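Chain by chain, the residues:
2 protein chains.
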Amino acid sequence: MIARDVRGTARACRLVDDRSGDYVAMMKDLFPHTGRAWTIGVTGNPGAGKSTLTDRLIALFRKRGQRVAVVAIDPTSPFSGGAILGDRIRMQAHFSDPEVFIRSLATRGALGGLSRSAVDVIRVLDAWGADVILVETVGVGQDELEITRTADTTLVVMAPGLGDDVQAIKAGLLECADVFAVNKADREGADATVRDLELMIALGGEITSAGAHSRGHAAGTLDLAKQQVRHGEGRWVPPVMRTVSTRNEGLEGLVAKLEEHRTWLTSTEAGGARRFERLRESMRTQLRESLIESALGSIGGELEEMAHAVARRETDPYTAAEQMVAHFKGR
Amino acid sequence: MIARDVRGTARACRLVDDRSGDYVAMMKDLFPHTGRAWTIGVTGNPGAGKSTLTDRLIALFRKRGQRVAVVAIDPTSPFSGGAILGDRIRMQAHFSDPEVFIRSLATRGALGGLSRSAVDVIRVLDAWGADVILVETVGVGQDELEITRTADTTLVVMAPGLGDDVQAIKAGLLECADVFAVNKADREGADATVRDLELMIALGGEITSAGAHSRGHAAGTLDLAKQQVRHGEGRWVPPVMRTVSTRNEGLEGLVAKLEEHRTWLTSTEAGGARRFERLRESMRTQLRESLIESALGSIGGELEEMAHAVARRETDPYTAAEQMVAHFKGR
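So the protein lines, in turn, are chains A and B. Take the first sequence: its position 72, counting from 1, is numbered 72 in the working numbering, and each next residue is one higher. Take the second sequence: its position 166, counting from 1, is numbered 166 in the working numbering, and each next residue is one higher.
Just chain A, with the same shape it has in the complex (with noise of 0.2 Å):
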């Protein structure tokens, strides 16, 4: 995979996505080979058009010599294969691209785990010497925030008319867009959704905490969170961008604005400060998903004791997880 090799490459994906055989002494072992690429989330509602956003912006950074992988985790997107015919043969052009790693990622299991397997495949596009990798999602669920805040340079599109976008927005991705692309802007309506977002945007935090206020007491502290970083030297302001994908419109002013972005990320004192929030916050996901799997391993069987125990009403299941867990430490 190191020497570029792209069956390795997918060889290596796969045992991430069974995290069998010794998946976790290969992601030891290559770790020290990533931190090279420069990973984008692209993320927005289903029918704001990310599909064809992220096919331009591959051609973009291919016809500058860049390889591009692309993560896949939005269902509906035609990289995960969920797409009408159409679709499909129009990316066969990057399909065949040598210098181009596509790669999607299923919904998991019971388990969970999908934010964490996403962070291993994005680290082993990296250390195949991606040099970009573009992570697509849907934006909306714990999850997709969670592998967004996992991106260096987070995209938010969306399309005028959709109607709900810009309130979504509001309930979670505004504290994660580094950059906004309204597509489809020849559409009716596109000004409409320029302007409801500068101004979400210039109000910043004072919108968001209000809503946040009504909407429970966990989101109010990350918008504050959000808003002191905003306040605090050398912030970063989201601009807003106008695109239309399908006639290659506006692409090339979006990726210099990605690309401002990252310069900001590399050369200031809050770019340095978000990338190791982004850093911990990945850790802490891995640690959570450490932990279930090791105490799965060890005290599995207890567990389904404990739901029968449950069902038959001889204990609760918050007493249950507390003797779960006490049962894991003494192991």
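Any given hint could be a false lead.
Repeated chains share a single entry, so a pair holds when one copy, or any two copies, can fit it.
To be verified - Taking lysine to aspartate or glutamate and the EDC-like style, the derived pairs with C-alpha atoms no more than 20 Å apart in a straight line are:
1. Lys28 / Glu322
2. Lys28 / Asp316
3. Lys257 / Asp97
4. Lys28 / Glu314
5. Lys28 / Glu305
Bear in mind the hints are in silico, worked out from the structure with no lab data behind them. Computed from a predicted structure; not experimentally measured.
Go by the hints and put chain B onto chain A.
Only chain B this time, still in chain A's reference frame:
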């Protein structure tokens, strides 16, 4: 709360949000008062009309004299406050009904835990005396799927003309769906959506196994498990119902199917097995969250140090996670 006091119940929900005070003690106390409510997950992509349908279901259950609770996790739902004014006004009737309790859950912060909060809030509303608890989520995202899997009955709402829907369903929702509603059934394309769904259900595991194969191993295993359940004794085949919720059409029939599923759950062996599976699922989630909370409590400072060490490239995140798990067990 057990005295059915609305303000006390709201306070209990806030305790769950904050996970502060003696929230765990409260949950232990109220657990014996739970187990009576019927939880219906209402899920599907934005634009399918989940919120209006939920609104109509509330009205129907109220007509039968039942207490109804709504837990809104969909950030675009008017129940979550993320709606245009018109929607809010439309909902007012239910907001002022003392036998209807509406609670929205924010997307959680860094720690994840949305699904655990959902399970806890559902238990609080169960103890409050809800006969029916409607849990509205967006049908994408790992956490949303996890929540869906804790519901007794899962209603997947689709609409013709959204295009991606049937594809998105394949990617994860099919295994959770107990009843499908093709809403906005007066629109063009409704017949095709119904036909696609019925075909997919009839072909069952085969289609999704093939799909899952290209999407990775974990999903394939899940589909296999589902297939085994489906082909067992007394299996439940999800019916596909047509509704036009804005015109109140097809809703009585939909409720009848939901109730049929409830009867299946409580009166057949396969239904009992399914209920147990759901309980075990919620306990696994709880164990995971309890583990990370307990770990951050005892080794939270170490996480910070380890992140710095990884940032300086003195260690890798995998070795760091192993060390942290070992240290946690040693405390």
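>> Please list, smallest to largest, the hint numbers that this structure does not respect.
In response: Hint 3 contradicted; others consistent.
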